[in-house]
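Could you build all of it, start to finish, from the sequences and the hints given here?
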Amino acid sequence: MPRTPALRSLASEKALPYWLILPTIAYVAVFFLVPVVQALLLAFRTQDGQWTTRFLVRMVQDIQFVSALRFTLLLLAIIVPLQLVTALFIALLVNTRFRGSRTFLYICAIPLGISDLAAGLIWFSLFTQHGYINSFLYGLGIIERPIFFLSAQNTGWVLGSIVLAEHWRATAIVLVILVAGLQMISRDYLEAAEVFGARSWQRLWHVTLPLLKPSLQSALIIRTILALQMFAVVVAMGGRMVPVLAGEAYYWYYLYRNTNVASAYALLLMVISALLAWGYLRFLRPREVRP
Amino acid sequence: MTFRQLQRRFLLYMVVVVIALWVLVPLALIALAAFTPRLELYQWPRPVLPSGFSTATMSFFLRSYGTLTSLRNSALVALLTLGMTLAVGAPAGYAVARYVFRGREAFRIGILMTRMFPTSLLAIPLIVTFIRWQLYDTLIGVAFIHTAMALPFAVLITSGIFSGVPKELEEAAMTLGCSRLGAFVRVALPLALPGLAAAAMFTFVISWNEVFASAILTVRNRTLPAQVLTSLEVAPLDFRFAGGFFMIIPALIFMALARRYLFQMWGGAISER
Amino acid sequence: MAEIRLEQVRKTFGRVVAVRDVDLTIEDGEFLVLLGPSGCGKTTTLRCIAGLERANRGRIFIGRRDVTGLPPARRGIAMVFQSYAVFPHMTVAQNIGFGLRMRHVPRRQIQKEVEEAAELLRIDELLQRYPAQLSGGQRQRVAVARAIVMKPQVLLMDEPLSNLDALLRLQMRAELKRLHREVGTTTVYVTHDQVEALSLGDRIAVMMDGTIVQLDHPSLVYDRPASTFVAGFIGTPPMNFLEATVAARDESVELVVGEFTLLVPALWRDQLKARTGQTVIVGIRAENITVHHGPVPGSLAATVLVSEPLGSQQLLTVQVGQDVLKVATAPEPLLAAGQTVGLTLVGQKLRLFDKETGKALPVPAPPPSEGGTQ
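Chains as they are written, first to last, in this note's numbering: chain P, 1 to 291; chain X, 1 to 273; chain V, 1 to 374.
These are calculated hints, taken from the structure and not from any lab test. Incorrect hints may have been included.
Taking lysine to aspartate or glutamate and the EDC-like style, the derived pairs with C-alpha atoms no more than 20 Å apart in a straight line are [stated by the list, open to error]: (1) V/Lys151 to V/Glu182; (2) V/Lys177 to V/Asp28; (3) V/Lys349 to V/Asp270; (4) V/Lys273 to V/Glu356; (5) P/Lys14 to X/Glu105; (6) X/Lys167 to V/Glu53; (7) P/Lys14 to X/Glu168; (8) V/Lys273 to V/Glu119; (9) V/Lys151 to V/Asp124; (10) V/Lys177 to V/Glu119; (11) V/Lys151 to V/Glu115; (12) X/Lys167 to V/Glu159; (13) V/Lys151 to V/Glu119; (14) P/Lys14 to V/Glu53; (15) V/Lys349 to V/Asp250; (16) V/Lys273 to V/Asp250; (17) V/Lys151 to V/Glu175; (18) X/Lys167 to P/Glu13.
Here the structure is a predicted model, which means the values were calculated and not measured.
Written as structure tokens, this is what we have:
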């Protein structure tokens, strides 16, 4: 029976979800795949179509490269664990549902809406020569003359300031992910554990944390990958004093107009991101738990 | 209440207040800086509290070359991004929320993964493509990459919103004489509207805040963050403080309005199922 | 108003067959109940009639019109959902008038009909309220009013009472019955609650695994279940089952249950003779067993295991040989566990089932005719 209305509408009803997700898939395909392929071409091919590793070599041999790689990974290694611990602490605090915990949560989430550049500028206003911290220390009579927190002689101070600024700005993302995860854990599990005599830290260790593992994992991945792209905070506070990989990608284009080396940096960052994400997924795989 | 309980409660609120201050004080200080008389910013010793309220710093920033144009550009890019993101992403969010179809889980995981992709870095290779497509240094070009960034979030938020509207409501409308589309427009859409508005605000904030791709893909048509970033080397302190403060304002307002929906945007672990 | 006809309707979800080639004719003005345990396909059948699911195969007719390919809006149906599905962003009046607005009925007339329907459901005081301000029972009434105001050819109800508390359910049940009597629309009503089915239905279609296993008047479904499944599903407590061997002795036939022997009423005799030596299942409802406190010739000796006073009656769990039976008896005197009693079965009410298929053996017509099974 050809083309009865029944068959036609059956087909359209079944196909509808695919039609609805098609624009998203098409958009992602164009705006993710095209630039990734383009990045490969730019990084590994010369203008006249010869395959080359020249740009890669140039990137690696640049004097800023090693320190950019070092600083990026160093900042990553300091900031991510610190944020995870802080966010977990605050999330557990919020989850006790004390009076005012909602308001407290929203205050803690505010930095989520603040751009990295603005956050950098905020902390710049604190750490700069005539900034609030120096004024404050002077007011307390601790110092006579301002301390140069943000100077090239003092990368330790610069690094410390960047860590503080990043911690202030981006802990909120981890916090929101963890709070969302905690909300999915039924209170019944905790109450059951309590009935069977688990003390509060035992409940945390044996019930809450294992059930929270999927959320911890995605928080870790998302935060790590965002920290790899750290850029505006660093630039706003220290210019190029503390070079980072994303910053180098920017400068190679902005200062030297060299899209090839800039692309090599971008590719390097994507590869590191992918490797770290894969590693987290592979080695932190949660056991078959679903809250 | 026993003494011990009282002690614990006191400790709890102490911790809470300290953390809240840690978040709020820097915000208060940048606002303070933005309204401190310009010359005081350069004094030493500089008092923590300014001698008086002054709009000179802000008006200096706003009257600086390029600020107003970039402000307009930022708003336009954000609106374009918002329109495109919702137009492309909301139908997908609806499909994920309403239908069980083969490949749904794969699609959802794919979206969760693209959420983690370092999308702004794509701006660099896109330079070449955009020059070829004549999108380089255009607002729509910047909006395209901002849409790529915001799209996964839009799909996740809208699917959360539409899951909150029971399927039976649309079915009831269909038994009462609506077509499939009519049921959506008359029932699901009005009920999802507040959530969709929140999704729109988040999208706006994502675009408004983005600096890396905007700075790379524009030369003359800079957005506000790109304008501030590229002026940093030469900009005086007061410009930076005022700029920092100014960029925060709309983001803070939108976040406050849409805060209930924060969790749909970032919740949802990758490894589940 | 119209009759509904399903011809070989089949609906699958992936590999699961939800509705298995169902044939069903529902007469004009009839109140038909689809009854069965969860997952039996009753709701899917209803949704196929509504057009919310498209049958993979088969045809559906409403009032002689083939609606198989039509969307819900064009089938002339109205539906009451389990969750009521009252639109939260519309007032009660807007909810009830929604379908008429979709039909572009003039405003004045909508208002008039909405008021009438609201009056019929006794919610005319609530017309300007929003659903959030209503109780569960009131929302339920809005959902029903919204459906009947459409004057549909067919009214479909999907477990409409299951979200109400027990008392309200009782009240609403009577009200739905009154409503059907007044409006007279052909109604298909899905439920898993046998009491609702027995009280409301003109006929009950009992479903299992996507097929209709019995379609009968409520009293017949209760009294003459078509299979052990139906007998076990309907009635609280469900029917008692005993395995028995058929033994022929002289002229008469006996059923041997363990060490006991049941005398078979004369009207079963011929049918059972043919099954001499075979095993059959004997079914008897709890209220068709008589309890004797003293020794009565021919009674089965039983020991009381549990006795539950239920107000209007006393429910006993007793042991007879290897078997355990449920027996309903008068509330007084209260029996104690461990007590020995004698039981006799009401021979007229014995039901016999094939052991292999579980199907009922046809109940022979007694001399003063009572009408046979389907």
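Note to self: Tell me the numbers of any earlier hints that the structure contravenes, in ascending order.
What the structure shows: 8, 15
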